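Last residue of the sequence shown: number 80 in UniProt numbering, and the count goes up by one each step with no gaps.
I should point out that these hints are in silico values taken from the structure, not numbers from a laboratory.
Just to be clear, a hint being listed does not mean it is correct.
[Stated by the list, open to error] Beta-carbon label-pair distances, calculated as ranges:
#1 59 - 79: 26 to 34 angstroms
#2 9 - 60: 23 to 31 angstroms
#3 44 - 24: 18 to 26 angstroms
#4 6 - 67: 14 to 22 angstroms
#5 23 - 47: 26 to 34 angstroms
#6 79 - 31: 16 to 24 angstroms
#7 8 - 41: 17 to 25 angstroms
#8 72 - 8: 18 to 26 angstroms
#9 63 - 23: 27 to 35 angstroms
#10 44 - 64: 27 to 35 angstroms
#11 38 - 70: 25 to 33 angstroms
#12 57 - 6: 18 to 26 angstroms
#13 79 - 32: 15 to 23 angstroms
#14 8 - 42: 13 to 21 angstroms
[Unchecked claim] Dumping the calculated EDC-like pairs for lysine to aspartate or glutamate here, alpha-carbon to alpha-carbon at most 20 angstroms:
#15 41 - 70
#16 41 - 52
#17 65 - 40
This structure is a prediction, so every number in the text was calculated from the model and none was measured.
Beta carbons are placed, not taken as given, at the ideal position from N, Cα and C, and that holds for glycine.
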Amino acid sequence: MMVSSVFLILTTSPQAGAIISFAGGGHGTPAEYGHVAFVEKLYPNGSFLISETNYNGNPNYTFRKLSGVDSNLSFAYTTK
């Protein structure tokens with residue numbers, strides 16, 4: 001029998017591969033729902049690239065670059 005542990009890490013710092021959560025009303029998201037996306041890449045200046053769908057009602061898979069972290073953002077990733 002093989003047992004594996006996977007832990008979910010919640011943080012305020014972006015990391016490639018993390019899920020980013022936007023608080024409701026932040027960054028143009030609906031106040032009652034918020035939004036989630038995926039962190040694709042970090043840049044040396046603190047900005048990062050995300051991928052997402054359904055941002056502002058756009059059903060397409062899109063990318064956008066965020067200039068940095070603020071109190072409306074949180075990040076989650078696993079240890080494995």
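Fill in: Numbered hints the structure breaks, given as an ascending list
Those not satisfied are hints 3, 4, 5, 6, 9, 10, 11, 12 and 13.
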